[in-house]
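Assemble the whole structure, with the sequences as input and the hints as a guide.
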Amino acid sequence: MNATAESYVTEDGRTIGAPVLEMKNITLKFGGVTAISDISFDIREGEIRAIIGPNGAGKSSMLNVINGFYHPQEGEIWFHGEKRAPMKPYQIAQQGIARTFQNIALFKGMSTLDNIMTGRFTHMKTNMFWQAVWKGPAEREENENRDIVEHVIDFLEIQAIRKTPVGRLPYGLQKRVELGRALAAQPKLLLLDEPMAGMNVEEKEDMSRFILDVNDEFGTTIALIEHDMGVVMDISDRVVVMDYGKKIGDGTPDEVRNNQDVIDAYLGVAHD
Amino acid sequence: MSANFFYTIEVIANGLMTGVMYSLVALGFVLIFKASGVFNYAQGVMALFAAMTLVGLQNGQIPFAHLINTIFGTHLDKFGWEVPTFLAIILALGVMIGFAFLVERYILKHLVNQDPIILFMATIGLAYFMEGFGDLMWGSDIKKLDVGLPQGGNVWLENATEGWANGFYGFYIDNLDMWATVIAVALVASLIAFSNYTKTGRALRAVADDNQAALSVGISLRKIWVIVWSLAGFVALVAGIMWGAKSGVQFSLSLIALKALPVLMLGGFTSIPGAIVGGMIIGVGEKLFEFAIGPYIGGATENWFAYVLALIFLVFRPQGLFGEKIIERV
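Chains A and B, in that order, give the protein sequences.
Read in our numbering, the first sequence has 96 at position 96, and its numbers run on one by one without any break.
Adding 1000 to a residue's 1-based position in the second sequence gives its number in our numbering.
In short, the hints are calculated from the structure, not lab data.
Treat the hints with care, since some could be wrong.
[Unchecked claim] With a straight-line Cα cutoff of 30 Å, these simulated DSS-like cross-link-like pairs (lysine-lysine) come out: (1) B:Lys1109 to A:Lys88; (2) A:Lys125 to A:Lys29; (3) A:Lys83 to B:Lys1109; (4) B:Lys1109 to A:Lys29; (5) A:Lys88 to A:Lys24; (6) B:Lys1109 to B:Lys1223; (7) B:Lys1109 to A:Lys108; (8) A:Lys135 to A:Lys108; (9) A:Lys88 to B:Lys1143; (10) A:Lys108 to B:Lys1223; (11) A:Lys24 to A:Lys188; (12) B:Lys1034 to A:Lys108; (13) A:Lys88 to B:Lys1223; (14) B:Lys1034 to A:Lys135; (15) A:Lys188 to A:Lys204; (16) B:Lys1223 to A:Lys125; (17) A:Lys246 to A:Lys88; (18) B:Lys1223 to A:Lys135; (19) A:Lys163 to A:Lys108; (20) A:Lys163 to A:Lys188; (21) A:Lys204 to A:Lys108; (22) A:Lys163 to B:Lys1223.
Given below as structure tokens:
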């Protein structure tokens, strides 16, 4: 396919495969404001890829472009080696891209279990008629998917809050339930929008552990946004750094850490 | 026990049954409001249209006969067959589902992300369009709807309870009301079960809760809107059948929507149980008020009692009994 397609093995023995998602020369504008300008990068199969940058750098916009909430004016998005036509967010979800939100977008009136069950939506195929009849295919499908959801619940250690309406849960647990909903979709690509924002140290450690475990156990490809550099550098394989809508660095955490542009951006050196 | 005691019970029972009928109409509003934030002014007309379609199908009426006759000078009226009630109900349901598709395709799709007031205006337009369209399709005469449900007072109950007290002539309960109650309760129970235990039901609740999140898990809003409007069409059909069988299929049927308004204010626009309980409170309240206080103030209190009750509620609990609390962020 292309020159960067070969796979490699990381230091800790995980295999990183061909690119799952390739962003090519993406430009996104809102009226006169350019949120993202001419950015290209790829996300490879099995890796944890971070997008970092100061506030307002365009990180969330980038995630919204990947998941279809925004449509870039210029550039191409390639998913699994095929150019992606402009699509609605729900179609992109059906293709296997799941996400979480910075400000937590859970179904607040529904229980933890029901919330995570909605993650299975794209995998459930019985039609309205059988659902209305309930007995037969619909019930069988419900039970099969329920098993997967219970597995996710065990994995995230949230058995105790299965029946609790998520609106009543503390912030850290809500974040975890939201991760569970995305995981339940068994996505080909998992997008996490500031998974550790607003968390205390302990919660951050838990979340880091879950992210690493998800990647390790299920081989899930993960792209995450953070502005807390510390955590990101510890858990990601490669890092894209954005500032004012431009890409100013891309590489392994060590490479990025020593990149002068990145240091300037984070220390707040004046832009020309 | 005195006769008055039993009469009070009779009034309460009748109030409860009337209340269930109000709930049935209110339910249609709640379904659509929850899923799409639209206050569907056309809900009452939908009930009228559904009932007209049902009668038309039953009698084998030729749709648009009047229009065709005027244009081509023909004398069409009926196909000459009668469709069995059950089949006619299925067909009428099919028409309501088709209607839901059209509403989504030609109205909602173009008004996504508009202010609620704009969508509300659109449903007002829709209401008047449907009213005229229904008349054009099936004629504007008053029609009799007979779906085979027993009508009139229940003689057995009346005889069995006669003489329980001095001067008490037995409970008068209308058979149709009883059936309507049973059907409405079954309908509500199955709607609740559907929304709790199926994938689509979960998707409906998800969309009601958070649009963006629903999209991100792969739920198509447009599909959900079609489903919700179909469900509301189904509820409208059931309401149309019950009210139509009671008082004939005619324009005033669409005004039952006005009775649903106080029910919604009481129960909250977003709560299915709220619609049920609200309907019952209004039903019982207005009947009891008429029974106890009506005679002293000249009667006919049923016309306004519900609205006054709703107003009082608006002052003290604007989100309704079961509605989600309205929190305004500053």
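Hints, verified against the model:
no.: 1; hint: B:Lys1109 to A:Lys88; verdict: 14 Å, holds
no.: 2; hint: A:Lys125 to A:Lys29; verdict: 37 Å, violated
no.: 3; hint: A:Lys83 to B:Lys1109; verdict: 27 Å, holds
no.: 4; hint: B:Lys1109 to A:Lys29; verdict: 25 Å, holds
no.: 5; hint: A:Lys88 to A:Lys24; verdict: 19 Å, holds
no.: 6; hint: B:Lys1109 to B:Lys1223; verdict: 11 Å, holds
no.: 7; hint: B:Lys1109 to A:Lys108; verdict: 26 Å, holds
no.: 8; hint: A:Lys135 to A:Lys108; verdict: 29 Å, holds
no.: 9; hint: A:Lys88 to B:Lys1143; verdict: 46 Å, violated
no.: 10; hint: A:Lys108 to B:Lys1223; verdict: 22 Å, holds
no.: 11; hint: A:Lys24 to A:Lys188; verdict: 19 Å, holds
no.: 12; hint: B:Lys1034 to A:Lys108; verdict: 14 Å, holds
no.: 13; hint: A:Lys88 to B:Lys1223; verdict: 13 Å, holds
no.: 14; hint: B:Lys1034 to A:Lys135; verdict: 27 Å, holds
no.: 15; hint: A:Lys188 to A:Lys204; verdict: 24 Å, holds
no.: 16; hint: B:Lys1223 to A:Lys125; verdict: 14 Å, holds
no.: 17; hint: A:Lys246 to A:Lys88; verdict: 25 Å, holds
no.: 18; hint: B:Lys1223 to A:Lys135; verdict: 24 Å, holds
no.: 19; hint: A:Lys163 to A:Lys108; verdict: 12 Å, holds
no.: 20; hint: A:Lys163 to A:Lys188; verdict: 28 Å, holds
no.: 21; hint: A:Lys204 to A:Lys108; verdict: 23 Å, holds
no.: 22; hint: A:Lys163 to B:Lys1223; verdict: 28 Å, holds
Checked against the numbered hints above, the structure breaks hints 2 and 9 and satisfies the rest.
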